[in-house]
Amino acid sequence: MSKSAYHDSGRSYVTGSAEYVDDRPLVQGEVFVDVFYSPIAHGKIKNLDVSACLAMPEVLGVYTHKDLTHNLWGSIFHDQVFLAEDRVQFVGEPIAVIAATKRDVFHAAKAKINLEIEELEPTLDLQKAIDAKFFIGPSRTINRGDVDSALASAPNKLKGDIEIAGQEHFYLESQASIAYPKEDGQIEVHSSSQHPTEVQHLIAEALGLRHHQVVCVVKRMGGAFGGKESQAAPFAVFASLVAQKLNRPARLILTKDDDMIMTGKRNPFKNFYEVGFDNTGKITALKAELFSDGGAYADLSTAIMERAMLHLDNAYFIPNFRVTGQVCKTHTAPNTAFRGFGGPKGVATIESIIEDIAVFLKKDSLEIRKLNTYQKDQTTPYGQKIEDTVLPQLFADIENQTQYRQWRTDVETHNAGNHSTFRGLSVTAVKFGISFTTRFLNQGSALVNVHLDGSIQVSTGATEMGQGVNIKIAQVVAECFSIPIEDVKVMTTSTEKIPNTSATAASSGSDINCQAALTAAQGIRERLAKVAKAMLERPKSWRGKPTAGAGTAPEIQTETVQGWETIEFQNGKVFDKSKPNETIPFSELVLEAYLNRQSLTQQGYFKYPGIFYNKETGQGNPFFYFTNGVAASEVSIDRWTGEVKVLRTEILMDLGRPINEAIDHGQVTGAFIQGMGWVTTENLFYKNGRLLANSPSTYKIPSIQDIPRVFNCKLMDNKLNTRNVRASKAVGEPPLLLAISVWSAVKNALSYYKPKTVSAVSSTPVKLKIPATQEQIYMKMKELTP
Amino acid sequence: MKFRDYVVLTINGKTRKISGEQAFMPFSSLLRYEASLTGTKVVCAEGDCGACTILHRRHSSESEKFQAINSCISTSFLMDLSHVISVEGLAHNNHLSEVQDAMIKNFGGQCGFCTPGFVMALSSMYENTTGITEQKVKNHLTGNLCRCTGYQPIINAAMAVDTKKVAPLKSCYNYSSLTENFVSAANLPVKITFGEKEFFAPTTLEMAAEYKKQHPSVRLFSGATDIGVQINKGKNPGVHLMSLHLIPEMYDLRQEGDQIKVGARVNLNALQKFLEGKSPKFAEFLNIFASPQIKNAATLVGNLANGSPIADTTPYLLTADAIVELFGSSGARSVALIDFIKGYKSFDLTDDEFITGIRFNVPNTKASKIALFKVSQRRDLDISCVNSSFIFKTQNRKIESAKIAYGGVGPKALRLFNVEKALEGQEINDALISKAKKLISESITPISDLRGSAEFRSKICLDLFERFVEETLNS
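As you go down the protein sequences, you meet chains A and B in turn.
Heads up, the first sequence is in the working numbering, so the first residue is 415 and it goes up one at a time.
Heads up, the second sequence is in the working numbering, so the first residue is 409 and it goes up one at a time.
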């Protein structure tokens, strides 16, 4: 069995045969759907006249909120309308749904809708929302110790704030859904969604159906990153509405421009802090207020804020700690899940603080980090115990493996020379809590079906978005039976096979669904082992194939089989350990089990044990475990233009024992570069609430030229982790947070910046926003130039 | 006069005649929705992500090599007399190409949506270059965005390909038997109508001028790397559309004395190759212009005719004293580029005229001090915030001649004659540089937009000049 089985869709990808929603062949009568949305950020709808649009020969229908049975939704609070009623609250808010016979008429069709809006004053700025107390949901607090007196007695203090911008997901496949009307009022929807169950439920509610009348199918997504956790649903609802109204299949595929305008992003944050520390750099107290920009509706923002608060400590023990978190409302698209959830915003804040402490004390920031790193048995501010010594180990390893001292000397030597660039170096860490902080989401189930030729189909609630969850599930099942990976297929995700699923999110997809599939497979394996034990003890002539039809042999009664635990499954063969030479091919055993009336189908179920978190007290044991890592990044900044190059990044992560190491490596490099885009070039530029950076020509995600010139990723050898399925660890989100090392390396570089006219570098920490765009860095250099 | 009412091409080894509505579709739509070749993906529909990359070769071109282009911004009629291979056409009898195989084995695809585009761009790289290095791989994949992998697995795949086993793409299909009717078709002008739209491809300049005279609002298509974007974003290009691809002179590319002459159909990739050794600074600058896919379709003339104040080649052409060659019903005419650009998207061009080519001076690289700069949010494949070109001649510390141009600092690209005049004949010293910076400041009127604030633009223009002085003039 290959430890790194190729991605199960690898061949389909490279030949172009992998099917995404819009690749499904058109069926008879299928219509196209598009969404007419608000052109302004805040206003009252005075009149909506769609008659001219409806008069177009290609237009079959225009639908508004009046056509929906139920118009309110929301993953946590039901505060959002599918289609605007009497007011609009962000540019891109859906107002009407258009159905047409052709794809290319929508520009013209939308231009024919006459919308009269009375403009209202919008709130577009997070600080303005903070000042006006324009809030969504309650304020939350996590508190430990006495932060105020610890701050009062701290030898050194720094006070400040950090502004963190949002980020567009830029999944390549834009939001896409096709709804097929079925007999008896049923709807089958194919959606590019991380959360088929929510899609199913919302369609049912919006259209006045019962859950059992809707099936949501997800074959795969062309990327998601959290952007299809909650926000795929409205588009599936719109397609379904048309399918129901016209009784024709309906296809809604957003353009990238519309997708970027209409859908929410990573929440922007503004975090205020006061930190106390001694002269060695040991942090004694941290008080912080976190504010996030939720956009116009709640979406998942309160849960995202929770995770930001739970990650403000990151890898560092802070004895006196108080953080409060509050989601704010602005008239922009409702912000949503994005890889890392709130984590990156908490972690960026503490890593920035540490970078500043280092400048303040004139020390190397790595020393400050090592000094404050969690040791075994210390507890987090929310009361969870750190059970291992992985973090100090990671810091020690990266320091040794990269020869950090020499590296630092090289950077300083360069900066002392006369070059057109100056450099910075920083190591940051991640300690990412694995589990949904909402307990009931941490459950999942799977269905394993063994077919009579010994091949296996597995279905789970996991959705494949490129992260390789399906190949991991297939590997775990194949290994359970010790059969070739080719004999196991993970099937299209569908709510009719696995209902009541959680979103594939929170990095938990592999953990939960692999374990559920393994539990199911183990159930079948036990029955097969019993059949094998019985077969090996009976005359060969009794085997089912020749006798079953004739009924000449007694049926195996698995309930009475003893000693089956000695049955081994190895390389497609099954045998008793005591008689290893007498083997049964796996496929023959499967057939025998069937002929002896044994079920070859099993459902498996898994929930993370031992987790709880009280959101009101801010205390508990919210995480099943932590995924940890460190990264060292070196950047170079052009003195003339502020252009940043990432010269080198070294990543070291603890991923336990990976189920598929190559897949995990790909998750690490991919998440890191995505995070690097967030902290460097990705600049969401708005004008009057309208996103102008709404396509890749204006919104710059990293290109292949932007990745670190030297880019290495190593996995730590961790044999001690046994907590999770196959001793693996979740990988999806944590490495994104390591990209903060690039941003703090920029901060570090600026701490070395010495304009020609100045004799010594400043010891005042440089205040920097996320992202550190070229323009921001350039302007910082100008600020530092008297 | 006899016309064709179709364009003819081959797709994955099958000849196809395209007429009527299909001719006006984006080529990616034709592939996906008319030919059921859904492996070609559309993400941005503006040539910035590369998911729609296909392999393309003009039948009449000298080279038999296929090159990567963006199919989403190529209108189908532009595929006339071309051979196209889509991702579905690479594997034969279930046997994958080397690139496909390496991409699987190196985990080059995660969500898979960008993967066909990367496979095609890599196929183009192996088709057109040898001696593969990581940097070369990056240069050939600048036009492809991936949001999942962080690119490293794709680079690993590219480096793992055994180049000896890579077969030339022309061997995919028996092209000699496929193209029998191409030759006769090339002699016939094309006229395709659908509804009120008309596409016209003349075979002579005179026919083109006559058509433009009759329909002054006609839009000329070449690589369509800008107009294709506009169409996808819902802008109507008008009813009369024309392409000069059947006029052989439009492919003219040569050096005459100290001038280089570039025909209207010469794409930027061909130009860049031609310039290497002749005008190395300009050739090098084209490295950070757009992407391979764009450069394989876009033309120098198009970059100019588009009229953008931030077009990347304009500052250089202004400093190289470029001359624009025009043709109209009364014949040929030449006009200096500085006079040709009258204002924002406004030219010295009569209704019946169109651009047939550009001539520009090749600076004597030994005697000249040259620098070209581009400031953008992302270094590669990005529209500039500002750009600039400096061509100076110096004798010891004395400036004999100075040519300075900036883009992105006003409604049109500017040549700063007043600054040049102040510098010429002067010794380089700090006072002179300060004076020049002050004059530059006074000459430019940048605005704030999403690519940069006015303040940033103003300040960095001075830094670019200072950098030129420090790193090029003083070196």
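Hints listed in this document are in silico derivations from the structure and should not be mistaken for laboratory results.
The structure presented is a predicted model; accordingly, all values stated were derived computationally and were not measured.
Check before you lean on any hint, since a few could be wrong.
[What the hints assert, rightly or not] Computed cross-link-like contacts, DSS-like style, restricted to lysine-lysine with a CA-CA straight-line distance of at most 25 Å: (1) K689(B) with K1170(A); (2) K1133(A) with K799(A); (3) K777(A) with K573(A); (4) K689(B) with K1168(A); (5) K903(A) with K513(B); (6) K605(B) with K633(A); (7) K605(B) with K526(A); (8) K867(B) with K516(A); (9) K867(B) with K820(B); (10) K867(B) with K1101(A); (11) K621(B) with K524(A); (12) K820(B) with K1101(A); (13) K701(A) with K633(A); (14) K1101(A) with K605(B); (15) K1059(A) with K689(B); (16) K516(A) with K643(B); (17) K1196(A) with K846(B).
[What the hints assert, rightly or not] Label-pair distances were calculated between CB atoms; the ranges are: (18) T537(B) with L572(A): 28 to 36 Å; (19) K1128(A) with K669(B): 15 to 23 Å; (20) K846(B) with P806(A): 43 to 51 Å; (21) Y752(B) with E1197(A): 31 to 39 Å; (22) T571(B) with A1141(A): 39 to 47 Å; (23) K1196(A) with P576(B): 47 to 55 Å; (24) P576(B) with Q820(A): 55 to 63 Å; (25) T1199(A) with K829(B): 28 to 36 Å; (26) T571(B) with H625(A): 52 to 60 Å; (27) S896(A) with T571(B): 53 to 61 Å; (28) Y752(B) with L1106(A): 15 to 23 Å.
Quick reminder that beta carbons are idealized off the backbone N, C-alpha and C, glycines included.
Hint check results:
Proximity of K689(B) to K1170(A) is assessed by CA-CA distance (about 29 Å); at most 25 Å being required, the pair is judged violated. Restraint check: the Cα-Cα separation between K1133(A) and K799(A) comes to about 20 Å, which is no more than 25 Å; the hinted pair holds. Restraint check for K777(A) and K573(A): satisfied, since their Cα atoms lie roughly 19 Å apart, inside the 25 Å limit. Distance check on the hinted pair: K689(B) and K1168(A) sit about 31 Å apart at the alpha-carbon level, beyond 25 Å; violated.
As the CA atoms of K903(A) and K513(B) are separated by approximately 19 Å, the hinted pair is consistent with the 25 Å bound. Restraint check for K605(B) and K633(A): not satisfied, since their Cα atoms lie roughly 40 Å apart, outside the 25 Å limit. At roughly 21 Å between alpha-carbon atoms, K605(B) and K526(A) fall within 25 Å of each other, so this suggested pair holds. A threshold of 25 Å between alpha carbons decides the hint, and for K867(B) with K516(A) the separation of about 50 Å lies outside it, so the pair is violated.
For the hint pairing K867(B) with K820(B), the CA-to-CA distance comes to about 19 Å; that is within 25 Å, so the pair holds. A distance of roughly 23 Å separates the Cα atoms of K867(B) and K1101(A); the hinted pair therefore holds under the 25 Å criterion. Annotation: proposed proximity of K621(B) to K524(A) is violated, straight-line Cα distance about 35 Å (limit 25 Å). A hinted pair counts as satisfied when its Cα atoms are at most 25 Å apart, and K820(B) with K1101(A) qualifies at roughly 23 Å.
Distance check on the hinted pair: K701(A) and K633(A) sit about 46 Å apart at the alpha-carbon level, beyond 25 Å; violated. The suggested pairing of K1101(A) with K605(B) is violated, with an alpha-carbon distance near 36 Å, which exceeds 25 Å. A distance of roughly 22 Å separates the Cα atoms of K1059(A) and K689(B); the hinted pair therefore holds under the 25 Å criterion. Among the hinted pairs, K516(A) with K643(B) is consistent with the structure: their alpha-carbon atoms are about 17 Å apart, no more than 25 Å.
Between K1196(A) and K846(B) the CA atoms are separated by roughly 17 Å; this keeps the pair inside 25 Å, and the hint holds. With their beta carbons about 53 Å apart, T537(B) and L572(A) fall outside the hinted range of 28 to 36 Å. Roughly 55 Å separates the CB atoms of K1128(A) and K669(B), a value that falls outside the hinted 15 to 23 Å. In this structure the hint that K846(B) and P806(A) lie 43 to 51 Å apart at CB is violated, the actual value being about 57 Å.
Y752(B) and E1197(A) have their C-beta atoms about 33 Å apart, which keeps the hinted 31 to 39 Å range intact. For the hinted restraint 39 to 47 Å between T571(B) and A1141(A), the CB-CB distance of approximately 40 Å keeps it satisfied. Under the hint 47 to 55 Å, the C-beta atoms of K1196(A) and P576(B), about 53 Å apart, fit the expected range. For the hinted restraint 55 to 63 Å between P576(B) and Q820(A), the CB-CB distance of approximately 48 Å leaves it violated.
For T1199(A) and K829(B), the Cβ-Cβ distance of about 30 Å falls inside the hinted range of 28 to 36 Å, so the restraint holds. Checking the proposed 52 to 60 Å range against T571(B) and H625(A) shows it holds: the Cβ atoms sit about 56 Å from each other. Between S896(A) and T571(B) the C-beta distance comes to about 39 Å, which lies outside the given range of 53 to 61 Å. The beta-carbon spacing between Y752(B) and L1106(A), approximately 19 Å, falls within the hinted interval of 15 to 23 Å.
Checked against the numbered hints given earlier, the structure breaks hints 1, 4, 6, 8, 11, 13, 14, 18, 19, 20, 24 and 27 and satisfies all the rest.
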